[in-house]
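Asks: The chain contents come next:
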Amino acid sequence: MIKVENLTKRYAGQPAIRDLNFEVSRGEIMGFLGPNGAGKTTTMRILASFMPPTSGRATIAGFDVFEQSLQARAHLGYMPENVPLYSDMRVTEYLRYRAALKGVHHRRITERIGDVKELCGLKSVENKLIGALSKGFRQRVGLADALVAEPDLLILDEPTIGLDPNQIRQVRELIKNLGEQHTILLSTHILPEVEMTCSRVIIIHKGRIEACDTPGNLLGKIRQAGGVVLEAKVGMDNGADELKKISGVREVITDGEDDWKRFSLRVESGVDVREEIFRLATERHWALRELTQRRATLEDVFVEITHSDAV
Amino acid sequence: MRKFYALLSREVRGYFHSPIAYIVLIFFLIVSGIDFYFQISFMNQRQVQYTVQEAFFNSVFFWFAFVLIFPLITMRLFAEEFKLGTIEPLTTVPVRDWQVVLAKFFGALVFYVVLWIPTLLYFAIFLKVTNEPAAHSAGAYAGSYLMLLLLGMFYLSIGCLTSVLTRNQIIAAVISFCAITLLFFLGLVQFILLDVSSETRDLLGYFSAIEHMGTFSRGVIDTRPIILYVSMTIVMLVLTHQAFQSRKWRL
Chain A
1 MIKVENLTKR
11 YAGQPAIRDL
21 NFEVSRGEIM
31 GFLGPNGAGK
41 TTTMRILASF
51 MPPTSGRATI
61 AGFDVFEQSL
71 QARAHLGYMP
81 ENVPLYSDMR
91 VTEYLRYRAA
101 LKGVHHRRIT
111 ERIGDVKELC
121 GLKSVENKLI
131 GALSKGFRQR
141 VGLADALVAE
151 PDLLILDEPT
161 IGLDPNQIRQ
171 VRELIKNLGE
181 QHTILLSTHI
191 LPEVEMTCSR
201 VIIIHKGRIE
211 ACDTPGNLLG
221 KIRQAGGVVL
231 EAKVGMDNGA
241 DELKKISGVR
251 EVITDGEDDW
261 KRFSLRVESG
271 VDVREEIFRL
281 ATERHWALRE
291 LTQRRATLED
301 VFVEITHSDA
311 V
Chain B
1 MRKFYALLSR
11 EVRGYFHSPI
21 AYIVLIFFLI
31 VSGIDFYFQI
41 SFMNQRQVQY
51 TVQEAFFNSV
61 FFWFAFVLIF
71 PLITMRLFAE
81 EFKLGTIEPL
91 TTVPVRDWQV
101 VLAKFFGALV
111 FYVVLWIPTL
121 LYFAIFLKVT
131 NEPAAHSAGA
141 YAGSYLMLLL
151 LGMFYLSIGC
161 LTSVLTRNQI
171 IAAVISFCAI
181 TLLFFLGLVQ
191 FILLDVSSET
201 RDLLGYFSAI
211 EHMGTFSRGV
221 IDTRPIILYV
231 SMTIVMLVLT
241 HQAFQSRKWR
251 L
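In order, the protein sequence lines correspond to chains A and B. First residue of the first sequence: 1, per the working numbering; consecutive thereafter. First residue of the second sequence: 1, per the working numbering; consecutive thereafter.
Hints listed in this document are in silico derivations from the structure and should not be mistaken for laboratory results. Just so we're clear, the structure is a prediction, and the values are computed from it rather than from any experiment. Be aware that a few hints might be false.
[Said to hold, decoys possible] Computed footprint of chain A on chain B, listed as stretches where at least three residues anywhere in the stretch have a Cβ under 8 Å from a Cβ of chain A:
#1 1-8
#2 13-22
#3 40-52
#4 171-183
#5 242-249
[Stated by the list, open to error] Partial pick of chain A residues on the chain B-facing surface, computed with a CB cut under 10 Å:
#6 R45
#7 L85
#8 M89
#9 A99
#10 A149
#11 R289
Just so you know, even glycine gets a beta-carbon here, dropped at the ideal spot from N, CA and C.
Let the sequences and hints guide you as you build the complete structure.
Replies: As structure tokens, this is what we get:
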């Protein structure tokens, strides 16, 4: 559905994205992750034919986004970052206008608008001026606009930014349901969102793709170098020193003011040190009230990949 | 065509949703009303060789209001879309750039025509009150309104071009105001410079909006200004289209 080859974009000589290569196949939900300024929006804008790449090429449904931009755009539902809308139009009026621009057949316009309003929960505000809507509703108008022409491909630039947790959950559900019929490329900061909705994730950092895999595989990689959390009453012992002696433990961070101390351990990959810890605890007569292997999240993957040169 | 119609109706509605439209309409009604009043009271005092209708379209008042309205009408066309970012959803749907440019131009033209409709009423009222027509022939009305349309097209297309060049509406308005005023005064030079050779004066006369309006409002429909203004409008719109597409240049 999307094919990107050696895509590069420079702003005044400064590269925003460098040699991106990736593919999104039909029916996939691809998550696009990266810190601010990593090049997510730039990539999406190029794919939406809003700006040309400096070099390289990208195709949507086989049409080059630059050379055959009109055909490429016909396959696309795009929701730009911050959802710019005409504030002087009413919701229904705006959607009608957008449907006409996207070439929805005039007999189907009313039906399609009804459907997307239903889907995005816009029924209650359909006659309001867009300028009077809250951020959450504006976001939904943007989403309804992207969906109105039933495109094969949805490109959503931060669809959940500025929404409250309930709305985020709704939008997430919506995206998941849409994924059954549409191909989706979405960018976000919210990592659990990606974990829950996306079938594959691209992590982009400083204009380069740092990782591209399923959320499961990415987690797998980091989980091997995961950690153990332990809460114990160590009495007169230092605790941390003893724990460090266990083979496989790389680093121990101690927390807690009172008798109960909380230790976070970073462990070498592929080693389970819990048994050793338990043995140590019984040996030294520590009282133990928690011993867990910490489940790595995509956040760890993200931090691990993008943090390296931030420090 | 349906897409073009959707774009056009959005443009026209955009005008009537904004307060600027009403300010321009009211300002214009006041100035043209005062113009009409003064022309008639002036003509009441002495013998003149021209008709009410000619006087109305050739007064200083008229030209003053005339050059001022174009920047106000056109400044928002593209600049506002760039500023609000709505250009992004607009250019990522399958519409062609020339459809956008033409829709904006014709949207402005529709508003411009609406601006002139009330002036027809002046002549109707004049006829009703005095039982005298404001002009002797229908051709005089047709000529002056045709000239208004031609001048309007050309000046609006200049406004389109300046609006596409910037995201700041004020800058767009100032540039188009300067350009239109300069063009307008180019036609006045022939009256001011008496010592220039007659060829230069003749040449400048071809570009003089006042001269054209004078001829057309007498009912003389000359093809030269028609060709001049139509072709200049096309040139301006082609330039606008090029400037609009410049965002896609691979730099």
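Asks: Would you mind marking each hint as holding or not holding in the structure?
Replies: Verification of the supplied hints:
no., hint, verdict
1, 1-8, "holds (count 5)"
2, 13-22, "holds (count 4)"
3, 40-52, "violated (count 0)"
4, 171-183, "violated (count 0)"
5, 242-249, "holds (count 3)"
6, R45, "8 Å, holds"
7, L85, "7 Å, holds"
8, M89, "8 Å, holds"
9, A99, "9 Å, holds"
10, A149, "8 Å, holds"
11, R289, "54 Å, violated"
Violated hints for the displayed structure, listed by number in ascending order: 3, 4 and 11.
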